[in-house]
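Colleague: Residue-level listing of the chains:
There are 4 protein chains.
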Amino acid sequence: MKALVYHGPGKIQFEDMPRPSLREATDAVVRMTMTTICGTDLHILKGDLPAVATGRILGHEGIGVVEEVGAGVSRFHQGDRVLISCITACGKCEYCRRGMPSHCEAGGWILGNTIDGTQAEFVRIPFADTSLYAIPADADDDAMVMLSDILPTGYECGALNGSVKPGDTVAVVGAGPVGLSALLTAQFHAPAKLIVIDLDDHRLEVAKQFGATAVINSTDGKAVEKVMAMTSGKGVDVAIEAVGVAATFGICQEIIGAGGHIANIGVHGASVTLHLEKLWSQNITITTRLVDAVTTPLLLKTVMAGRLKPKQLITHRFRLKDVIVAYDTFGNAGRERALKVILTNP
Amino acid sequence: MKALVYHGPGKIQFEDMPRPSLREATDAVVRMTMTTICGTDLHILKGDLPAVATGRILGHEGIGVVEEVGAGVSRFHQGDRVLISCITACGKCEYCRRGMPSHCEAGGWILGNTIDGTQAEFVRIPFADTSLYAIPADADDDAMVMLSDILPTGYECGALNGSVKPGDTVAVVGAGPVGLSALLTAQFHAPAKLIVIDLDDHRLEVAKQFGATAVINSTDGKAVEKVMAMTSGKGVDVAIEAVGVAATFGICQEIIGAGGHIANIGVHGASVTLHLEKLWSQNITITTRLVDAVTTPLLLKTVMAGRLKPKQLITHRFRLKDVIVAYDTFGNAGRERALKVILTNP
Amino acid sequence: MKALVYHGPGKIQFEDMPRPSLREATDAVVRMTMTTICGTDLHILKGDLPAVATGRILGHEGIGVVEEVGAGVSRFHQGDRVLISCITACGKCEYCRRGMPSHCEAGGWILGNTIDGTQAEFVRIPFADTSLYAIPADADDDAMVMLSDILPTGYECGALNGSVKPGDTVAVVGAGPVGLSALLTAQFHAPAKLIVIDLDDHRLEVAKQFGATAVINSTDGKAVEKVMAMTSGKGVDVAIEAVGVAATFGICQEIIGAGGHIANIGVHGASVTLHLEKLWSQNITITTRLVDAVTTPLLLKTVMAGRLKPKQLITHRFRLKDVIVAYDTFGNAGRERALKVILTNP
Amino acid sequence: MKALVYHGPGKIQFEDMPRPSLREATDAVVRMTMTTICGTDLHILKGDLPAVATGRILGHEGIGVVEEVGAGVSRFHQGDRVLISCITACGKCEYCRRGMPSHCEAGGWILGNTIDGTQAEFVRIPFADTSLYAIPADADDDAMVMLSDILPTGYECGALNGSVKPGDTVAVVGAGPVGLSALLTAQFHAPAKLIVIDLDDHRLEVAKQFGATAVINSTDGKAVEKVMAMTSGKGVDVAIEAVGVAATFGICQEIIGAGGHIANIGVHGASVTLHLEKLWSQNITITTRLVDAVTTPLLLKTVMAGRLKPKQLITHRFRLKDVIVAYDTFGNAGRERALKVILTNP
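Protein chains in written order, with my numbering: chain A, 11 to 356; chain B, 11 to 356; chain C, 11 to 356; chain D, 11 to 356.
Certain hints may be false.
Copies of the same chain look alike in the list, so a pair counts if it fits in one copy or across any two.
Unchecked claim - Straight-line alpha carbon distances no greater than 25 Å define the calculated BS3-like cross-link-like pairs of lysine-lysine that follow: (1) K288 - K56; (2) K319 - K12; (3) K12 - K288; (4) K56 - K175; (5) K218 - K232; (6) K218 - K56; (7) K288 - K331; (8) K56 - K244; (9) K56 - K203; (10) K236 - K21; (11) K244 - K203.
Calculated directly from the structure, the hints in this document are not laboratory data.
I would like the entire structure built from these sequences, with the hints used as guidance.
Modeller: Take a look at the structure:
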């Protein structure tokens, strides 16, 4: 089969690879029909995740059709349309049973990381019963792909961890796909104000269409000042960090109101300064989270009910065979005005 | 001044009464500009609440302008536009400090009940600092009146007590004003399905406009059957009782799914049968609540943000001097297709 | 092998039965070393659970040694000492993943109910990986047996569902084994007062030793009066029903304070009267629950830490071969002053 | 009257000051019978809190007898024995009504900070109704003094913010009075393991007597290593920082397990490094809090029930007139083996 293979920093190739087969009784093999590229894939490409071995097929998102299941798989059968979760959950370990499969002892984020992933014609999914979801007959494929990672990430790490409540003032710092996902899902909890901060006017324009009540281009370094003005000097109830660098985490610390929540989504490559000399007395909560994808069933219901419209996150479409072009587009998101790109197979 | 006075079951009169004055340092006197009639007022009129004395001015909702404040009032001043909460909170007792002012040792629901109320030209408000809310300059008066009681009641006793979560299937049994308020505010929590059950097709039509995803006229006795069909036999996640009789509480017990919540809002005049022989093993939660009105600030923010539009609850408008006609209209809600009626003064 | 077999109401026999073998890859066969009798077994014997078929081996509690595991079992191996949960959890269905395996689509309470149980020399355990727990090397066997059902039941349905908080006044109505388990585990949450109500002075004496701060013999019909006196007329914060009849549920309704929780543990055979005409405005919460046994790992830690001493629940010891005598003792608990009886094998 | 007056860094004097009188109708004047010294008082003395003006009477803890109340005080009367909360709460502002009076718009921590405090013969208490607590007739005075600040601080900022649950492994970093308070109150929630880390063997010895299940002297720099060994490499569920320096906050970051909580209590004078490059994916929660003292009623109940024994925190006793000696003792806590010192008046 064909797959997108990582060959070390800066090097990926769409090439022939052996078609995966069942290894464990709990495995399924899925024929991919749609996948996408994640910001994390770009991190891998830059060499930020040295644990990813040369020769690895990338990708941890997508939908497909079950091709084959092991003897231990009871909930899926050949021919079922399935949504692949970015988190593989054994369903048995302490972490899975605590509702934190991101730290599953046998799974977690392994697809396209420590085992071959979804940017391929076929993929092997371990612990299929607890790592796949059935796709309803009348579901829209595009929406389903967004449920693999980006929406649970925005929801769990952002809106839920941030404890967004009705009437809250929420700031989302970073309007990339994950920040926009937080923006969309924060609206499940009826905040009164949703302020989005970014450096890119186009993304801020998109944020407005996605429900932001105010947007701030922080290029001029005045984002903090503006947020404080908008909140009568009190700061926000929830600040969602969706970039992963010190500067944006710093903005969150400066705009957070007493009693507020800073929900970190960003993947950080370096430590940050935490201003405890100011914050120790501010009754704040800071959270971090690798997505657990435990809200996938809930999100699926909201999508099917029409309350969440993930399709709007998709800006570009390619055939899987053009995945290299897709990486280029997604890797130059500003220039290309790209959010999520869809790769269809065949 | 003129006021609507209760003279025993079935007897009310709009008549001259002494204008209220300050009694305690924590009192305010408010000149009413708008008030409304509550279902509870009809209960009083029917004689269901014998504790209400003859000679009492009715009404516990409304907005107005502060006429005078006692020496102990620090947050309001003459001329301030204020929203009157149906719950009077001393702010000091054990219950107030637990966030349950409905059971305030010196307050609770007293307006138009144990002290004179708001269906008058003026009203005395005890513990003004913790029982009034400032009305923002650009707020719509109609919306504000709905925040005195009906919306906090629907939200706290219905949506919040029912723990509505994104993706949930929620049934509201009873589409009167309080049921519709629960319907509106349940949408703060992004349920996937909102089923409304009533005997009146007109009210069900309104429920659809207010966001119901399905409506059921229960006249044929098949509501339970229909809900179970809609939920693949699993029952609903949340059932909100908004009538206050055994039959509707019975429906809630029959449609509630394992792990579900029954949130009672209805004012019950008689005991009901609880089917513990079935429910003991169903992991359900049943809640009751006299509104605490502690969510008024939150609701005010959602109204100001345009996320909640209380105005749609208003069907009729009268001058305060025509309050007797207004009672007749509201008391024949089915015939008149009435939801909330607004009384303006002057 | 020998096993205790149900032959219809009033009839049990300790007799030869085929030794169980693996049926599914996810099964384990466990050689029982200790088991016990549950109040539910007596209900079965009385014919209260007609779903239990003639020929069924009873029992859903106990510990043992893994004899054999199916190919799909990864967490247990032959020779492992294991605790058997009364709840069989597939770990994959909607209910298991919501943390409510009591309603597992393929499991739940099935042992000694719809499949053969633990009052036998051997038992087949479906979904072994998610229905068994490893016993630490230095654990006390007696304590472990109490973790199969009685302690998770008291904790989850009683203390947890009742939301016991530090400083609370808690009443436990019924001082049988399950009430005493609620009493023991409620102490995890530092209540200030723990009142136990029963008809049997001996059990009340035991309750005092188990941490009750006050006990009330309700034979004189004055329990409600006494509790109200003890609470300055305010009622209790939490009332735990641990009997399962209308009278005790009635006491709970009468003693519950505003804002309080009634946590039902009892298995009810008939409906009860719910006094909504009084309770609708009292801001109370009523919960029911079939134990999910999801707190078993937590309880295991508290036992190993010496914070919970389940051994004190055990009053009698028998060999498995004397199980008929054990049933007689446990079935005449008042006369025999029996709480939990231990059955050892061999 | 005599009082302990701050005269700039390093300078305090016990001298004559005008006896306080009522200023607002909501004030009370309390004759102090017992007070104590807080670590924060030492910070003031070192000049760390420049906002504290020269001439200020220090102290924010203690008990006394109401001497006089303003016209607006309804819950206290002359002669009442009262506990003074370190947090002054107006009871009316947004923060008070959100349960966060630490940020009260008119109060918060003001005693001995922005207004005169309790290390004096008399003190004026603003908002007396919501800032004082009645002392039960049979209460122990020593215990009551510990409820002014140290115990609510340990409980709210430590145990509650850390979400200690039954069965948890908890580490308290710092065994000074506040760390020990966290240690005592964490036991309300039945943790399985309570590890205390400090540099002082005497304090660690005390920690053991107070319920620590393991203690670590971190002088050798191996505390992290030891905690990881004690937790099989998984880290702790809750790490409570009770010192306020970068090194101890650093230990918390290194020992926290996936899904764990770091609860900061320490007053930090400088920023710290937050290792988001490691923690972003660890699903952790970090909290800060200036004590709100909203749990004082709860703590009072646990003290009266004998579940919490605050007296054990007291090591030294002085007369108020010897307050300068008391400061010396408390300021050299290591040498003097001092925890809390009691000052009695007269």
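Colleague: It remains to establish, for every hint, whether it holds in the given structure.
Modeller: Here's how the hints hold up against the structure:
For a Cα distance limit of 25 Å, the shortest separation of K288 from K56 across copies, 18 Å, qualifies, whereas the shortest one inside one copy, 36 Å, does not. Taking the shortest Cα distances, K319 and K12 never come within 25 Å of each other, neither inside one copy (31 Å) nor across copies (54 Å). In this assembly of identical chains, the alpha carbons of K12 and K288 never lie at most 25 Å apart, being 54 Å within a copy and 35 Å across copies at closest. With identical chains, the CA atoms of K56 and K175 are never at most 25 Å apart, being 38 Å at best within one copy and 39 Å at best between copies.
In the homo-oligomer, the alpha carbons of K218 and K232 lie at most 25 Å apart inside one protomer (19 Å), although the nearest pairing across protomers, at 45 Å, exceeds that limit. Taking the shortest alpha-carbon separations for K218 and K56, neither the intra-copy value of 31 Å nor the inter-copy value of 51 Å comes in at or below 25 Å. When the C-alpha separation of K288 and K331 is checked against a cutoff of 25 Å, the pair qualifies neither within a copy, at 53 Å, nor between copies, at 36 Å. Neither within a single protomer nor between protomers do K56 and K244 lie at most 25 Å apart by alpha-carbon distance, with minima of 40 Å and 30 Å respectively.
Taking the closest pair of Cα atoms, K56 and K203 never come within 25 Å of each other, the shortest separation being 36 Å inside a single copy and 43 Å across copies. Neither within a single protomer nor between protomers do K236 and K21 lie at most 25 Å apart by alpha-carbon distance, with minima of 42 Å and 42 Å respectively. In this assembly of identical chains, the alpha carbons of K244 and K203 lie at most 25 Å apart only when taken from the same copy (14 Å versus 36 Å across copies).
In summary, the structure is inconsistent with hints 2, 3, 4, 6, 7, 8, 9, 10 from the numbered list given earlier, while agreeing with the others.
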